[in-house]
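Here are the chains, one letter per residue:
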Amino acid sequence: MSSFLSTNALLIITLVKIALLLFIILTVNAYLTWFERKVVAHIQSRWGPYRVGPHGLLQPLADGLKFLFKEDPTPAGVDKFVYFLAPLLSLALALTSIAVIPFGPAPIHLFGRDIYLGIADVNMGILALFAITALGVYGNALAGWASNSKYPLLGGLRGSAQMISYELSLTMSVVGVLLMAGTFNLREIINAQESAHGLFGWQGIFSWNVFCGPLPQIVGFLCFFVSAIAETNRVPFDLPEAEQELVAGFNTEYASFKFAMFFIAEYTSMITVSCLCAILFFGGWLSPFPATSTWAFTHYLPSLLLIPFGLWVIWDGIRYETILGRLILPAVGTATAAAGAALLYFPQVNEFIQGPFWFLSKVFVFLFIYVWMRGTLPRLRYDQLMNIGWKLLLPVSIANVIITAFAILKWGAR
Amino acid sequence: MTPQLGIFCVLAALSVLGALSLILQKHPIHSALSLIVVMVSLAGLYLLMGAEFVAAVQIIVYGGAIMVLFVFVIMLLNAGVEEYTNLSKLAGIAGIPLTVALAGFIAAAIGRSGEAVQAAAQTGAVSSTRGISTMLFKDFVYPFELTSVLILVAILGAIVLAQREK
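If you read the sequences in order, they're chains D and U.
Under our numbering, the residue at position 110 of the first sequence is numbered 584, and the numbers go up by one with no gaps.
Under our numbering, the residue at position 95 of the second sequence is numbered 946, and the numbers go up by one with no gaps.
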């Protein structure tokens, strides 16, 4: 038994990591829907989910149960095989793309092995990711086609046209970063930003790719983010599922859990894009502060955030309307504050947590921007969408590549 | 059986089955899907040879961009189910012998240069981006640029044809 474990250790560790990451990603997805509804509601002066659980915190659970137990009719005249294949493809590809993303710099030492945060450390990391997302288009297109209905067909057509158009600028806008890093490996792209000189000799935030290098990649970042939003079919580029015109677009004929699969796929690709933004342009897990002793106090930021947040949740919880809330919220608050205090007590854990802390904070900021835009921006018209893709983003991102290449020739990669 | 051989067998079977299904399916979308299966399993075979870059580009360009356009056009034109034709006389007389001859030639070529093919498959130099770009932009720069011109001509031709119909 033990020899089996030691010979197949890598396989077993990877399987455990996959299971763990799937669980985390699906939970985060569920609470991302809650977060989105809450933020959009507050933008529009509403309360958002409030009934199921304290502050609507059990709403994702209720939604999940509803998805599972709803009737799942298959419309007449659908192409059965493709109809079932489409949501599967969407979800599988969206979840696979998470596998290449590294979440932290240092490995965990467990059972005498170094276990890195992140499933696959692929040399062609960014290319593998683009390959997976390139296939993701089929989920939408085939769902629209197989449904045997006019609105999904229009949604699917729009989706595939939009994704073809924006994939070009999405890929081109990354080339500047790749030129500066000289690698496709996501881990090495982050490490290259750590060793950069930085603007005005300031390390930390000014050695990230957006602000530093021979040519700051801020234009590249803007192109990347806009194209990525279009690729994930989110507002203001959500034409494939424009409610006012197409009922629900490509997923109109899908119900119950097959609809949920599209839903989860969309939110998962939001997370992937946010991770990519953080990795490629914002230094991944690097702290925005220089690694000098003057800034050493910033290592206590996780505790400084967790403890007051926990105390606030306790304070909010003891005055909550329902008894359930008065039980759950203080418990959650105590746990959070205790975790923050524990970080102060175990400096090793605190050091380890720095990388993932900054990485997740950056990802969270981008997710918030996603939701923020959904709450504020109107949807683009179809011709505007095509104009932005082909006449603005593509030329600008190509120009960015050329200028970056010349800047590297002149001043060197760093 | 090593894991590599097992993966190779699965991928090879998938690509052959996909190619057969591409021809035998009656609906254009199903044929296009079969072609995507072929493309992706070929990418898997490249990956098995250690050519990561080629594998990724195979999926991005063929599996992603080109096949999405195929599917897009089939959906846009709403192409219906097709029927099998009877074997035409030309196909019976010329096609089948030619097919057999082609298969024979390929088999002979592989059989004769068995070691050379394996050696070519195992060179890791082609897998790195640096190696590929030196090959493309230094060793084979003229063929590469000529191919670009060829593609440009094809694009211009497509535009001219599309304009004429108006």
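A few of these clues could be false.
Unchecked claim - Lysine-lysine pairs mimicking DSS-like chemistry, simulated, CA-CA at most 27 Å apart:
id : chain 1 : residue 1 : chain 2 : residue 2
1  : U       : 877       : D       : 624
2  : D       : 554       : D       : 544
3  : D       : 540       : D       : 554
4  : D       : 884       : U       : 877
5  : D       : 624       : D       : 544
6  : U       : 989       : U       : 940
7  : D       : 624       : D       : 554
8  : U       : 877       : D       : 554
To be verified - From chain U, some residues computed to sit far from chain D (all C-beta separations above 12 Å):
id : residue
9  : 867
10 : 891
11 : 904
12 : 918
13 : 923
14 : 980
15 : 1007
16 : 1009
No wet-lab data here; the hints were simulated from the structure.
Treat the numbers as computed from the prediction; the structure is a model and nothing was measured.
Glycine is no exception: its CB is placed at the ideal position from the N, C-alpha and C atoms.
Status of each hint after checking the structure:
1. Straight-line distance between C-alpha atoms of residue 877 of chain U and residue 624 of chain D comes to about 22 Å, which keeps the hinted pair within the 27 Å bound.
2. Distance restraint check for residue 554 of chain D and residue 544 of chain D: the Cα-Cα separation of roughly 20 Å lies within the 27 Å cut-off, and the hinted pair is therefore satisfied.
3. For the hint linking residue 540 of chain D to residue 554 of chain D, the alpha-carbon distance of about 24 Å falls within 27 Å, and the restraint holds.
4. Proposed proximity of residue 884 of chain D and residue 877 of chain U is contradicted: the alpha carbons are some 57 Å apart, above 27 Å.
5. For the suggested pair residue 624 of chain D and residue 544 of chain D, the alpha carbons sit about 24 Å apart, so the restraint of at most 27 Å is met.
6. Proposed proximity of residue 989 of chain U and residue 940 of chain U is contradicted: the alpha carbons are some 49 Å apart, above 27 Å.
7. About 17 Å separates the Cα atoms of residue 624 of chain D and residue 554 of chain D, which keeps this hinted pair within 27 Å; it holds.
8. Restraint check for residue 877 of chain U and residue 554 of chain D: the C-alpha separation of about 15 Å stays at or below 27 Å, so the hint holds.
9. Separation of residue 867 of chain U from chain D is adequate, the least Cβ-Cβ distance of about 20 Å exceeding the 12 Å criterion.
10. Not every beta carbon of chain D lies more than 12 Å from that of residue 891 of chain U, the smallest distance being close to 7 Å; the non-interface claim is violated.
11. Annotated as non-interface, residue 904 of chain U brings its C-beta within 12 Å of a C-beta of chain D; the closest such distance is 6 Å.
12. The Cβ of residue 918 of chain U sits about 8 Å from the closest Cβ of chain D, inside the 12 Å cut-off, so the non-interface label is violated.
13. With a minimum CB-CB distance of about 5 Å to chain D, residue 923 of chain U fails to clear the 12 Å threshold, and the non-interface call is violated.
14. Remark: the non-interface label on residue 980 of chain U conflicts with the geometry, its nearest Cβ contact in chain D lying 7 Å away (cut-off 12 Å).
15. A cut-off of 12 Å between C-beta atoms confirms that residue 1007 of chain U is not in contact with chain D; the least separation is 18 Å.
16. Interface exclusion of residue 1009 of chain U from chain D stands, the closest Cβ pair being 16 Å apart, more than 12 Å.
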